[in-house]
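Given chain A's structure and the hints, the job is docking chain B with the ligands onto it.
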Amino acid sequence: MPTIHFVLKDGNTRSVDAPIGQSVMEAAILNNVRGIDAECGGCASCATCHVYVDPAYFERLPEPDDMERELLEGVAAERRPTSRLSCQIALVAELDGLVIHVPATQA
Amino acid sequence: MSPLSSTPPTLAIVGASYAGVQLAASARDAGFDGRILMFGDEPHLPYQRPPLSKGLLTGKTTVAALALKSADFYREARIEHVPDMRVSHIDPAAHRLTLADGSTLAWDWLALATGARCRALPMPGAGLQGVHALRSLDDALALDEAAHKGKRVCVIGGGFIGLEVAAALAGRGLEVTVVELGSRLLSRAVTPEISRFVASLHAAHCVRVLCNSAVQAIHGHAGKVSAVELESGECLGCDLVVAGIGVVPNDELARAAGIVCANGIVTDALGRTSAPGVLAIGDCAATPNPHAAEPDTPLRLESIQVANDLARAAASLIAGQPQACIAVPWFWSDQYDAKLQMAGLMSPTDDVVVRGDPASGRFSVFCLRDGCIAAVQTVSRPADHMLGRKLVAARTAIAADTLADPDFDPRTLIPR
Ligand SMILES: Cc1cc2nc3c(=O)[nH]c(=O)nc-3n(C[C@H](O)[C@H](O)[C@H](O)COP(=O)(O)OP(=O)(O)OC[C@H]3O[C@@H](n4cnc5c(N)ncnc54)[C@H](O)[C@@H]3O)c2cc1C
Ligand code: FES
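For the protein sequence lines, the chains are A and B, in the order given.
Note that UniProt numbering has the first sequence beginning at 1, numbered continuously upward.
Note that UniProt numbering has the second sequence beginning at 1, numbered continuously upward.
Derived from the structure by calculation, the hints contain no laboratory data.
As the structure is a computational prediction, the values presented were derived from the model and not from experiment.
Keep in mind that the hints are not guaranteed to be accurate.
List time: in silico DSS-like cross-link candidates among lysine-lysine, alpha-carbon distance up to 30 Å [unchecked claim]:
{"id": "1", "chain 1": "B", "residue 1": "Lys60", "chain 2": "B", "residue 2": "Lys151"}
{"id": "2", "chain 1": "B", "residue 1": "Lys149", "chain 2": "B", "residue 2": "Lys224"}
{"id": "3", "chain 1": "B", "residue 1": "Lys390", "chain 2": "B", "residue 2": "Lys69"}
{"id": "4", "chain 1": "B", "residue 1": "Lys151", "chain 2": "B", "residue 2": "Lys224"}
{"id": "5", "chain 1": "B", "residue 1": "Lys390", "chain 2": "A", "residue 2": "Lys9"}
{"id": "6", "chain 1": "A", "residue 1": "Lys9", "chain 2": "B", "residue 2": "Lys69"}
Sample of chain A residues facing chain B (criterion: CB under 8 Å; computed from the structure) [what the hints assert, rightly or not]:
{"id": "7", "residue": "Glu26"}
{"id": "8", "residue": "Ile29"}
{"id": "9", "residue": "Asn31"}
{"id": "10", "residue": "Asn32"}
{"id": "11", "residue": "Gly41"}
{"id": "12", "residue": "Ser45"}
{"id": "13", "residue": "Ala47"}
{"id": "14", "residue": "Met67"}
{"id": "15", "residue": "Leu71"}
We put the CB at the ideal spot given by N, CA and C, even for glycine.
Looking at chain A on its own, in the form it has when it is part of the complex (with noise of 0.2 Å):
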């Protein structure tokens, strides 16, 4: 199982255990790491999952779709180059280690 370490709001570092295929959100969530809020619970529709993936592991994800592409523009926290939708990271073994980082606000 891949591990990710999630960077809080307030510095602190939760590390978890996540099953392939579960998204980074789903992991978030399921462990309890506050600060994802999720609203529309991983269907791409409201851009509260926003997370900053560290730039290590940036450049290992798939692009962003269309759809998480626009959303991204409507963000709560100020969007970064490595601003992405956790609920549309789906985990890979090449993922063991990810580094996630909470933005300050989702709403």
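Below, chain B with the ligands alone, put in the same frame as chain A:
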């Protein structure tokens, strides 16, 4: 805080779903330090409903992924979730409630987050085996199982849930007919432009859509559904019927306690009902909405956004820093590969500007009221949706012909 408040105060929540969970979570976040009890009459941990008609029926989502929050979340936030427990009576004057097992509980704040239930089909045959409705996880699992065996399905009602079910089941290879009483699909919620697109989308996926059609009766054979008879006399053979004719609010507890109800438990923008200390939030509540064409009339909206935002407002009241709910209503629906997103509340008398070509499957409909953007409804244009929420919140003024110009960029309307 109410005069009866003991230390520590108790917040009792009836209903363990979006509204109840958000209230509990936000009250804690805002510093409410008393006891929080959340009673739900379902056996599950609170779970997500939108995927029931979307991902779950199409196989894209699993039951395990539906949890709204993890069990740890409730433990950490000291939210006592009591599953499988119905609240059977509330007494606002005595600040008590009674549970189905006969025990009683004193509360300082009571929040009714009881949601809504499917409207029952009024015609003969509604009780036949093979007639389904969709509100709960158990409903979805039953429908999923029936769909494995079914071949021909008749969906009664061309609203969001009926159409999402139609799309999901058509995608699974079932032969689907949608029967709608009104002259167009989704007539309450979207503009005719979007209705037309949705009708063509379903037609392109070989779903038969019959508008202006009333169901007269459901016929069966050996207790199982076999056909749906329309008022026109036409009989649609089917082995599965899905009713999507809307919901009714679960307002019985409030009614019995003498709390003012009008198609839902009437509240203000902080979730306050007519009974002191009693709040109502989510699908069961009817609340004046500043973005509606009639902003002073209590309006019951069924959406995650309303459940969350009114719950946040109610939590702010409980925590002693009241902040009324003024959020822009938004909603979405996924059908096949199309993503419908609605920001604001349209009214049939709004002026309408279409941007983009509906034939391309990606376009936006802007609704103008009194010269201002009152609603934005998009098909597979999430950027316009996100922008639309801001434009509606700011009641942005714009001339229809400016907005209609394809070279005009509506993003320039947001002050930088
Ligand atoms: C299939 C489906 C798809 C949907 N899709 C979308 C969508 O795409 N976008 C969107 O925004 N919204 C969608 N919705 C609507 C959304 O799910 C509701 O708006 C939301 O669930 C409302 O939350 P709530 O907490 O007010 O009520 P509910 O979710 O209805 O929960 C109320 C809970 O209270 C319980 N309860 C009732 N009375 C009692 C009692 N006396 N004692 C104890 N418990 C009680 C009920 O059993 C229920 O569990 C969808 C709904 C369904 C059914
Ligand atoms: S959970 Fe809503 S966009 Fe990711």
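These are the hints, each one checked on the structure:
no.: 1; hint: B:Lys60 with B:Lys151; verdict: holds (21 Å)
no.: 2; hint: B:Lys149 with B:Lys224; verdict: holds (13 Å)
no.: 3; hint: B:Lys390 with B:Lys69; verdict: holds (28 Å)
no.: 4; hint: B:Lys151 with B:Lys224; verdict: holds (14 Å)
no.: 5; hint: B:Lys390 with A:Lys9; verdict: holds (25 Å)
no.: 6; hint: A:Lys9 with B:Lys69; verdict: holds (19 Å)
no.: 7; hint: Glu26; verdict: holds (5 Å)
no.: 8; hint: Ile29; verdict: holds (7 Å)
no.: 9; hint: Asn31; verdict: holds (6 Å)
no.: 10; hint: Asn32; verdict: holds (4 Å)
no.: 11; hint: Gly41; verdict: holds (4 Å)
no.: 12; hint: Ser45; verdict: holds (4 Å)
no.: 13; hint: Ala47; verdict: holds (7 Å)
no.: 14; hint: Met67; verdict: holds (6 Å)
no.: 15; hint: Leu71; verdict: holds (4 Å)
Of the numbered hints stated above, none is contradicted by the structure.
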